[in-house]
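Asks: Here is how the chains run, residue by residue.
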Amino acid sequence: MLRLQFSFLQPALLCLAILSTSFASARSEGGELAPPTEQPILTIEGNIGVTNAEGKALFDRPMLEAMGMATIETTTPWFDGPVKFEGVPADRIMEVVAADGTEVVAVALNDYRTTIPLADFEEHGVILALKRGGEYMQVSDKGPLFIVYPYDSDPQLHSQQFYARSVWQLARLIVR
Amino acid sequence: MLEAILIATIIIFALAAGYMSFLIFERQESLSKASRYDVSWSASQGVNEFVRLLQRVTALAEEPTTPRQEEVQLRFDILKGRLNLFRSGDFERFVNQTEERQAIVGRLNDLVEQLDEMIGRVDDPETAQRILRLMAPLEADLVGLASEAAYFSSVEITQFENELLQLHRNFSLVALGFFLCGLAFIALLGWHNRLLTRTHLRLRAANRDLRRASDDLTRMAHYDLLTGLPNRLLLRKHLEEMYTSAGGRIARGSRALMCLDLDNFKNVNDTLGHPAGDALLREVATRITNLVSQNGMVARLGGDEFVIILSNIGVEDAAALAGSLVEAIGKPYELEDHQVVVGTSIGIAFAPDAAGDPDSLLKDADLALYRAKDDGRGTYRFFEPEMDAQLQRRRMLELQLRSANFDTDFELLFQPLVDLQTKKVTTIEALLRWTSTFHGTVAPDEFIPIAEDSGLIVPLGAWVLEKACTLASDLPPYINVAVNLSATQIRRSNVVDTISTILSETGLSPDRLEVEITETLLLDDNREVNSALRQLRALGVRISLDDFGTGYSSLAYLRRFTVDKVKIDRSFVADIVGDPDHLAIVQAIVGLTHALGMTSVAEGLETEEQLLLIRASGCDEAQGYLFSPPVPEDEIKEFLARRGWKLRVA
Numbered sequence: 035m036l037r038l039q040f041s042f043l044q045p046a047l048l049c050l051a052i053l054s055t056s057f058a059s060a061r062s063e064g065g066e067l068a069p070p071t072e073q074p075i076l077t078i079e080g081n082i083g084v085t086n087a088e089g090k091a092l093f094d095r096p097m098l099e100a101m102g103m104a105t106i107e108t109t110t111p112w113f114d115g116p117v118k119f120e121g122v123p124a125d126r127i128m129e130v131v132a133a134d135g136t137e138v139v140a141v142a143l144n145d146y147r148t149t150i151p152l153a154d155f156e157e158h159g160v161i162l163a164l165k166r167g168g169e170y171m172q173v174s175d176k177g178p179l180f181i182v183y184p185y186d187s188d189p190q191l192h193s194q195q196f197y198a199r200s201v202w203q204l205a206r207l208i209v210r
Numbered sequence: 012m013l014e015a016i017l018i019a020t021i022i023i024f025a026l027a028a029g030y031m032s033f034l035i036f037e038r039q040e041s042l043s044k045a046s047r048y049d050v051s052w053s054a055s056q057g058v059n060e061f062v063r064l065l066q067r068v069t070a071l072a073e074e075p076t077t078p079r080q081e082e083v084q085l086r087f088d089i090l091k092g093r094l095n096l097f098r099s100g101d102f103e104r105f106v107n108q109t110e111e112r113q114a115i116v117g118r119l120n121d122l123v124e125q126l127d128e129m130i131g132r133v134d135d136p137e138t139a140q141r142i143l144r145l146m147a148p149l150e151a152d153l154v155g156l157a158s159e160a161a162y163f164s165s166v167e168i169t170q171f172e173n174e175l176l177q178l179h180r181n182f183s184l185v186a187l188g189f190f191l192c193g194l195a196f197i198a199l200l201g202w203h204n205r206l207l208t209r210t211h212l213r214l215r216a217a218n219r220d221l222r223r224a225s226d227d228l229t230r231m232a233h234y235d236l237l238t239g240l241p242n243r244l245l246l247r248k249h250l251e252e253m254y255t256s257a258g259g260r261i262a263r264g265s266r267a268l269m270c271l272d273l274d275n276f277k278n279v280n281d282t283l284g285h286p287a288g289d290a291l292l293r294e295v296a297t298r299i300t301n302l303v304s305q306n307g308m309v310a311r312l313g314g315d316e317f318v319i320i321l322s323n324i325g326v327e328d329a330a331a332l333a334g335s336l337v338e339a340i341g342k343p344y345e346l347e348d349h350q351v352v353v354g355t356s357i358g359i360a361f362a363p364d365a366a367g368d369p370d371s372l373l374k375d376a377d378l379a380l381y382r383a384k385d386d387g388r389g390t391y392r393f394f395e396p397e398m399d400a401q402l403q404r405r406r407m408l409e410l411q412l413r414s415a416n417f418d419t420d421f422e423l424l425f426q427p428l429v430d431l432q433t434k435k436v437t438t439i440e441a442l443l444r445w446t447s448t449f450h451g452t453v454a455p456d457e458f459i460p461i462a463e464d465s466g467l468i469v470p471l472g473a474w475v476l477e478k479a480c481t482l483a484s485d486l487p488p489y490i491n492v493a494v495n496l497s498a499t500q501i502r503r504s505n506v507v508d509t510i511s512t513i514l515s516e517t518g519l520s521p522d523r524l525e526v527e528i529t530e531t532l533l534l535d536d537n538r539e540v541n542s543a544l545r546q547l548r549a550l551g552v553r554i555s556l557d558d559f560g561t562g563y564s565s566l567a568y569l570r571r572f573t574v575d576k577v578k579i580d581r582s583f584v585a586d587i588v589g590d591p592d593h594l595a596i597v598q599a600i601v602g603l604t605h606a607l608g609m610t611s612v613a614e615g616l617e618t619e620e621q622l623l624l625i626r627a628s629g630c631d632e633a634q635g636y637l638f639s640p641p642v643p644e645d646e647i648k649e650f651l652a653r654r655g656w657k658l659r660v661a
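Residue numbers (my numbering), protein chains in the order written: chain W, 35 to 210; chain P, 12 to 661.
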């Protein structure tokens, strides 16, 4: 059910991939994150080391996609049957912004907010999904970003605790 | 039964545990249902999102700007998402409960569809006003829906709570069941343990009985039942231990072994019966034990044989003890109104200092015992190495006897028996002589027992019979031939067949053959011997009783078994001159034989005086050096010819 695109790669290779993509697009100006060229869909603030706005890191869709996409195919409580999500691994985004903290507050467009331990991202391979079933998710369909856990990989993920952390219509992440 | 209950308890235990785990799972399910993302929350979110869209549109209508338009678009998309949620999952179930709720969601749906088409033109105030008018009536509907959802959720929560309560009750009941099961289990185990303990005790008792029986058996295996003394087996163990514990180094003179044998015990058994014999043995055992009580072990080997092991004893002490034993055992016994006297002979051997073994020690003591018996009984003898030499000689003789050629190594001598009335020779007795290549002349007293023990007596006896009968067939018909027959010869071979064959081969008339047997042969009361003798008599062969008066001369067997001749032992004849008792005995025997229709013969006649007295006693025949010593075949023939079958006697 679950498929992580990079799961088979060595960590070193992974780093190399990140570096190369960063150099190619995002980090064109020596350590500074390039500003978004399109409408930003994600804002990261709080204890981060890399910004491209006033204490914030703003990301548009191409910037996120340039980081490399991962796929999770899993059953969820919100849809019938297994669903394929594609998006950016959350821990990679945290690396890009040089996040320094223990938890992240995720805020949705409707101002729903929840707190997620930072460790979750790496431990469970959480992605910020952009696509569902190969299509970009609209705001009316839990888009533009949806925090997705690979629920089928671990029975404990099929619980209220992790469903509550699965924020849809995600707009902001605050690192603490 | 108990096992079944125990197993049942364990099964109930297992079932209870299973049910318990099922309950826990159920509870978990229930709890997770209760905490599910609930309808009430979704409805209130919906109201919020609706109101926020309303506000944004109102703001845009007042002052149309691009950011505001984008904000309206976003809020609308969010409301669209909410509508999707209202039409799926738990919320849909809630909506479908009443038509009113369905109608509200239907109107929201219609609104969203209408707005979808109009929202692109929301910067136009006219359109914005239209949107506000379309939205206004639905606000109250949505708030109402949210209230109902809140109530719906609270009902669900109560329901979950009840479910949980019920589960908790079941859980408690099962726990109580667990507790009771545990109690029952403990009780059953206790009961089981008690049964086990009882069985264990019973087993222990059985074990004790078994051990006791085993001890008895061991005792029976090691002790003589009659006297209670250790038996041969225990004696042997004791001797072996003595040798192994001493490491083969037993100081000479420190340990001695005595072999003890009652003289003529058999006679007691024969005349007074076995119970008396047993009583005698018990009394003998007591007398021995009383004397040997300390530093000694007394064992009974069987029959009238006893063995005593003595430790820390010197030669003098051993001699003193043996003397005391002979004396004590020799005292009269009171048995069933009879006074009985038995003698005893003792052989003593000391454990050699090295390379000894129980067998040779026993053998040495036994040799000494035989010496004591040979030396006239009622005494004791120490083992001496030459006794062993005698044994060696006996073995050598046996070997030579086995390889002997009868015709060259053996010779038959003949001694005449003379009729005291007619002075004629009536019979010649055949006597066997052996000249061994290595040992020279060997006395019959020495080699006959060896021949008997080795079974060589059978062919040797047949050879004698044949030679004697062959000679006799050459002699005048009024001269008989007498041949000695040993008990072994009768027991070990079919002597009747042998004799009848020889008689027919030599053509000798059976009534010319006399077989001489000893008293002891009759004493044995052996069926084979009796039957053989009767058959011989039936053939016509005559039977003589040799050495009469020396053994246990019972008149009973004279009556039981008819013999033709009684030969009075030479010891009576030797002392007949000057001893009136012996003369009386001879006269009595002669009188008895005449009364029974038998012929009497005096043996060992050497002097004229003896002849006179014997003749006066009425004795029929006599034999001895006075007439002729035993002589070879040629000489006896010559003797018979010269004397004209007659003797010139005074």
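Treat the hints as calculated values from the structure; they're not laboratory data. We put the CB at the ideal spot given by N, CA and C, even for glycine. There could be a bad hint or two in this list.
What follows is a set of in silico ranges between Cβ atoms, one per label pair, in the way DEER data are often shown [what the hints assert, rightly or not]:
| no. | chain 1 | residue 1 | chain 2 | residue 2 | range |
| --- | --- | --- | --- | --- | --- |
| 1 | W | T136 | P | E74 | 41 to 49 Å |
| 2 | W | R147 | P | F196 | 54 to 62 Å |
| 3 | W | A198 | P | L187 | 36 to 44 Å |
EDC-like, lysine to aspartate or glutamate: derived pairs with alpha carbons at most 20 Å apart [claimed, not checked]:
| no. | chain 1 | residue 1 | chain 2 | residue 2 |
| --- | --- | --- | --- | --- |
| 4 | P | K435 | P | D575 |
| 5 | P | K91 | W | E169 |
| 6 | P | K91 | W | D186 |
Computed, partial: chain W to chain P, Cβ under 10 Å [said to hold, decoys possible]:
| no. | residue |
| --- | --- |
| 7 | D114 |
| 8 | Y170 |
| 9 | V173 |
| 10 | G177 |
| 11 | Q203 |
Asks: A separate judgement is required for each hint: does it hold in the structure or not?
Replies: Hint by hint, here is what the structure shows:
1. Taken as a hint, the range 41 to 49 Å holds for the pair T136 (chain W) and E74 (chain P), whose Cβ atoms sit roughly 43 Å apart.
2. Taking the beta carbon of each, R147 (chain W) and F196 (chain P) are about 55 Å apart, inside 54 to 62 Å as hinted.
3. Between A198 (chain W) and L187 (chain P) the Cβ separation comes to about 37 Å, which falls inside the hinted range of 36 to 44 Å.
4. With a C-alpha separation of about 19 Å, the suggested pair K435 (chain P) and D575 (chain P) falls inside the 20 Å cut-off, and the hint holds.
5. Our distance criterion of 20 Å between C-alpha atoms is met by K91 (chain P) and E169 (chain W), whose separation comes to about 17 Å.
6. Taking the CA atoms of K91 (chain P) and D186 (chain W), the gap is about 28 Å. The hint is violated against a cut of 20 Å.
7. Below 10 Å, beta-carbon pairs count as interface contacts, and D114 (chain W) has one with chain P at about 9 Å; its hint therefore holds.
8. With 10 Å as the threshold, the beta carbon of Y170 (chain W) stays out of range of chain P, its nearest partner Cβ sitting at about 13 Å, so the hint is violated.
9. The interface hint given for V173 (chain W) is met, as the beta carbon of that residue sits about 3 Å from the closest beta carbon of chain P, less than 10 Å.
10. Interface restraint check: G177 (chain W) against chain P, minimum CB-CB distance 8 Å, threshold 10 Å, status holds.
11. With 10 Å as the threshold, the beta carbon of Q203 (chain W) comes within range of chain P, its nearest partner Cβ sitting at about 6 Å, so the hint holds.
Checked against the numbered hints given earlier, this structure breaks hints 6, 8; the rest are met.
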